[in-house]
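Given chain X's structure and the hints, the job is docking chain R onto it.
2 protein chains.
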Amino acid sequence: MVQLPEASKKGRAGAMGARQIYEALKDQIVRGVYGSNGLLPSSRGLAAELSVSRTTVTAAYEQLAAEGFVDLRQGARPRAMPAALGQLSAKRFQRQHSSGHLSSYGERLKSIPPRPRSLPRSLITDFRYGDLAPSDFPVLAWKRAVVAVVTQRRDRLAYDDPRGSLRLRTALQGYLWRARTLRCNLDQIIVVNGSQQGLDLCARLLLEAGDRFVIENPCYAMARNIFSATGAKPISIAVDKDGMNTNLLTGGEARLAYVTPSHQFPLGGVMPIGRRHQLLAWARRANAYVIEDDYDSEYRYDISPVPPLHGLEDSGNVIYLGTVSKTLSPTLRIGYLVVPPQLQDVFATAKQLVDRHTPLSEQEALATMLESGIYESHVRKIRRRNNERRETLLNALHYKFGDGIDVVGADAGLHIVAWLRELPRSMTGELIEKALKIGIGVHSVMPLYDPAVSEGQPDYVGLVMGYAALDTRQIERGVHLLRQAVDQMRK
Amino acid sequence: MVQLPEASKKGRAGAMGARQIYEALKDQIVRGVYGSNGLLPSSRGLAAELSVSRTTVTAAYEQLAAEGFVDLRQGARPRAMPAALGQLSAKRFQRQHSSGHLSSYGERLKSIPPRPRSLPRSLITDFRYGDLAPSDFPVLAWKRAVVAVVTQRRDRLAYDDPRGSLRLRTALQGYLWRARTLRCNLDQIIVVNGSQQGLDLCARLLLEAGDRFVIENPCYAMARNIFSATGAKPISIAVDKDGMNTNLLTGGEARLAYVTPSHQFPLGGVMPIGRRHQLLAWARRANAYVIEDDYDSEYRYDISPVPPLHGLEDSGNVIYLGTVSKTLSPTLRIGYLVVPPQLQDVFATAKQLVDRHTPLSEQEALATMLESGIYESHVRKIRRRNNERRETLLNALHYKFGDGIDVVGADAGLHIVAWLRELPRSMTGELIEKALKIGIGVHSVMPLYDPAVSEGQPDYVGLVMGYAALDTRQIERGVHLLRQAVDQMRK
Chain X
1 MVQLPEASKK GRAGAMGARQ IYEALKDQIV RGVYGSNGLL PSSRGLAAEL SVSRTTVTAA
61 YEQLAAEGFV DLRQGARPRA MPAALGQLSA KRFQRQHSSG HLSSYGERLK SIPPRPRSLP
121 RSLITDFRYG DLAPSDFPVL AWKRAVVAVV TQRRDRLAYD DPRGSLRLRT ALQGYLWRAR
181 TLRCNLDQII VVNGSQQGLD LCARLLLEAG DRFVIENPCY AMARNIFSAT GAKPISIAVD
241 KDGMNTNLLT GGEARLAYVT PSHQFPLGGV MPIGRRHQLL AWARRANAYV IEDDYDSEYR
301 YDISPVPPLH GLEDSGNVIY LGTVSKTLSP TLRIGYLVVP PQLQDVFATA KQLVDRHTPL
361 SEQEALATML ESGIYESHVR KIRRRNNERR ETLLNALHYK FGDGIDVVGA DAGLHIVAWL
421 RELPRSMTGE LIEKALKIGI GVHSVMPLYD PAVSEGQPDY VGLVMGYAAL DTRQIERGVH
481 LLRQAVDQMR K
Chain R
1 MVQLPEASKK GRAGAMGARQ IYEALKDQIV RGVYGSNGLL PSSRGLAAEL SVSRTTVTAA
61 YEQLAAEGFV DLRQGARPRA MPAALGQLSA KRFQRQHSSG HLSSYGERLK SIPPRPRSLP
121 RSLITDFRYG DLAPSDFPVL AWKRAVVAVV TQRRDRLAYD DPRGSLRLRT ALQGYLWRAR
181 TLRCNLDQII VVNGSQQGLD LCARLLLEAG DRFVIENPCY AMARNIFSAT GAKPISIAVD
241 KDGMNTNLLT GGEARLAYVT PSHQFPLGGV MPIGRRHQLL AWARRANAYV IEDDYDSEYR
301 YDISPVPPLH GLEDSGNVIY LGTVSKTLSP TLRIGYLVVP PQLQDVFATA KQLVDRHTPL
361 SEQEALATML ESGIYESHVR KIRRRNNERR ETLLNALHYK FGDGIDVVGA DAGLHIVAWL
421 RELPRSMTGE LIEKALKIGI GVHSVMPLYD PAVSEGQPDY VGLVMGYAAL DTRQIERGVH
481 LLRQAVDQMR K
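Same order as they appear, the protein sequences are chains X and R. Each residue of the first sequence is one higher than the one before, starting from 1 at the first, in the numbering used here. Each residue of the second sequence is one higher than the one before, starting from 1 at the first, in the numbering used here.
FYI, nobody ran anything at the bench for these hints, they're computed from the structure. All values derive from a computational prediction rather than experimental measurement. Careful, some of the hints might be misleading.
A pair holds if it fits inside one copy or across any two, identical chains being indistinguishable in the list.
[Claimed, not checked] Mimicking DSBU-like on lysine-lysine, the simulated pairs with C-alpha atoms at most 35 angstroms apart in a straight line are: (1) K26 to K381; (2) K143 to K233; (3) K434 to K241; (4) K381 to K241; (5) K437 to K143; (6) K491 to K233; (7) K233 to K110; (8) K26 to K110; (9) K381 to K233; (10) K233 to K26; (11) K143 to K381; (12) K437 to K491; (13) K241 to K400; (14) K400 to K381; (15) K437 to K110; (16) K241 to K143; (17) K400 to K143; (18) K26 to K241.
Next comes chain X alone, as it looks inside the complex (with noise of 0.2 angstroms):
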C-alpha cells in the first residue's frame, strides 16, 4: 500500500516510521489511489505490508485523522475523507491519456443499462430477488468439501479439461438424469462460471450483429443484454399465465430463442406440454437453437415436476442451462450447459480460449456433495424452508392487501410477481423511493420489459418479490411496511 522511492528501487517497502507512512498515506489519498469509496487499509493489514508494528501504523492513521484526510471509527476500517479524496487523479488521467478505439461490441457495451447499484446493508426487509441467506449455505458440508480438494495430492497443478472436471461432469450427469431426467454423453457437459458465463458462450458462438434471436417478453433482463449486445435484435414473445405464448412464433429469421419453461422469468408460468412441442417444431423449421434457462427448477410447491425440453422428441437443438446459484450461492460461480453432441467440440473450444476452465476446486467440492448425495438432501430442506417463506409472504400479502393485489408465479421458484391494483404504473418509482424511506427494498417489474414494446405490461405497479434471502419476520414487516407506503400514496 505505501511505498517510498528507494523502497520501491529495492521492489519491497523496508521498515518505516510513522512519519513516513503517515506522508505516504497523504500522497496517496490526495492522489485518489482510494478509488471512489475512499476505504484504506487496515491497521493489521498495513502493519503486516509494510512488516512495521501495529502502534506505528496507528500513530499515522491518528495523525491523518487529527487532518481531517481520514474517518476513524471503533472496528471499521479507515476511510478516506470525501473531501480529501483524489480530485487530482482523474484529472491528471483524462489528460494524460489519449483513448483509443472500442470494438463494435464494446461500443454497445457503453448503450447497455448502467449495473444496478446494490442498495444499502441498512434496510429492514430487501426484497431483491437473486440473494440466498447465509443461513441456507451448508456451511459445514461445503468446507468440508473444500478442505478435502485443498489437501489432496495431485501428481502437478496444471490445467484441467475446458469442459470442467470429469468428477464433476460425471456427478452432473447422474443428478441430471435423476432430478431432471436428462440423458446426456459426458462430453455434452460444458462446466461454466455462472448461467452468466452459459449464456455468453451461446451468444458468442450462436449470434452476431444483424441476426435476431427470440426472448420473452418480460425475461431475465441480463440475457436479453447478453444477445444484444453482440449487435443481434431481440423478437420480444409476449408472455402469459404459461410462460411463452408460442403461438406468437412466426416463421424463423430467428437464430435462437431463450426461454424458462419450467418457471417464467419473472412471471412464473410453467409452459405447458403442448407449448413445448410448438416450440421445439418452430425451432426446427427455423433451423434455431433453443435455449432453456433451467435457473431454479428445484423450487416446486404445489405442482409435480415437469421434464425439461431437453427430454422431449425433437429437443435436438435444445441447449440445457443449470446453475447452483439458487441452491448453494450466487458467489461461487457454477452453471452447467449441456449441449447438442454437434456443438460440444465447440464450445469446449470456447470455453478454454475464454478462460481455460473453471476454478477447480469449487467444481470438486460439488462434485464430493453430489456423490455423496449431500446436495440433494440440501435441496429438499431449503426447498421446505423456501415453500415457509413463500407461505408467509402469500398470507401476509393477502391479509394487508386482500383483493388489491394479484400475485403470480408462486407455485415454484424463489419469488413471486405482485401487482398492485390500488396504485397505476406511473407512480411505481413514488413507490420505491417512499417504501425505501422507511427500510424495505421494493423492485419494479418494468426494467423485465422490452423497452421498444409499450403494449403487453399491466397498467398499475407491478413489483418481483424475492424472498430467499429473508426470515419470515422480516417478509412480515416487510409487506407491513409496504402497506403503509402503499397507503401514504393513496393520501
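Below, chain R without anything else, positioned relative to chain X:
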C-alpha cells in the same frame, strides 16, 4: 447415474437391486453415456446416489465385468470397455440433429488448433511448461484462508462487484505498488479468471474482424488464438534476445500490441528501457493499446527487477495483466487487469456480462494471504526453489550437451528454451516421439511461431523446457534421457 422409468417419474431413483443396476448401467454403456473415456461412477458414489448398499453395486459391476462391459481394477474407478462403448449414440445423435448456424466467431474457432491433449501421467519427466509442483503450494495457509471465508458471516449471499472483491483489489493495489512499483486506483483493477480471461476481455472490447494487432513472434500461442478468434489479423514482430524488436514497428494500423516485456514468452528476453519507450511512443502515434502480460515477473534470478511499462511516462494506453497461476496454481483461475481510467467502466460492464464476477472465495482467500504478507514470503520461498531447479537444469544440460546446445531466457521465469545444435529442425517430431518412448515429455518451440512467417526461426530443434513442476532428480534424469534420445537419432 442409474435410473429406471418409474424412478424417473418420481424424479428420484428408489432403492434398486443389483440386477436393475446391472441392466441400467449396461444400457447406458452401450448408449455411450460415459463419453470418450468410459469412466463409470465409483461403487461408493453410485451406492450413495441410489441409496443402496455398496455390495449391491459391486455385484452389478462384477456381473458387467464378467460379461466384458466393464474393466474393474483394484483402487481404480470402473471403466467401460472401449469395445462396449456406445457406437450407437453418435450415429443416433447425428441423425436426429439438424445443425444450426454458428456465428463467424464460432466458425473461426473450428479452425483454431484443437487443445493439446495432456500427456500420459506415467512419464518419468515431463518438461511441459505451465504446470507447478503441488509441493510448492502453500496448502496450510490456503486452507486456513478458505475456511475463514466459508465460515464467515454475511448479511446475504449476493452477487459481488464485477470488478472483484473490494478487499482483494485493495490488497492487490498495495502488492502491485510494493512488488512492481505500479500505482493505480482501485477502480482500474479488474479481477479476472486467470490472464486468459483478461486477454479475452481485451480482445472483445478492442478488436474486431478486419482489425490488426501487433504480437511477438514467437509468442504465447493462446494469446494469438484469442485475438485471431475475433477475426483480427496478426502483425508478427520478430523477437531477439531483448524481446520484441520495436525497430520493426511500422506506422500504426494496429489497434493493440501484446507484449511480455519482463520475460518474453517463450524466448525469455527482458525488454530494455529504450525499446519500452519506443513501444509506448509507437502506441501513442498509432492510438493503440499496449497489453503488458506480466505473467511470471515474480521469478527473477541474476537480474535486478525491471519496472513494468505501466509505470513509465506516456503509458496511458497500457493495460497491465497479472496472474497467480505461476505463484499459487493455474487451477485457481485468478488474474487481474489494471486498465486505463478511460476503460475501467466498459471493462467492468463486460466482466459483469461475461460471468458476473470471479468466484468470491478464491478472491477473499487470496486477499487474506496478501494482507498478512504470507503471499510474498511464499513467493520468496518458491523463487528460491525454482532457482535450484533452474540451476540443476542448466548444469545438467551443459554437462550432457556442452556446446551442442544454446540455452536462452534463463535469467527469469519458470522455463528456458534449448536449441539443440546437433539436430536439424526437421527432426523435431521424431525427437519428441523417441523421448516419449523412453518416458520423457519434451515440447517444441515451433508451434509458438506464426505459421505465416517463414524466416526468423533457427534451423535446429528448439525445445521449451519448463521445470517448475519437477524435482531436481527428475530434471537430471530427464536431461540424461533426452541426451539418450538425441544420441539414438544421430546414429
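request  = Sort out which numbered hints this structure fails and list those numbers smallest first.
outcome  = 2, 5, 6, 9, 10, 16, 17, 18
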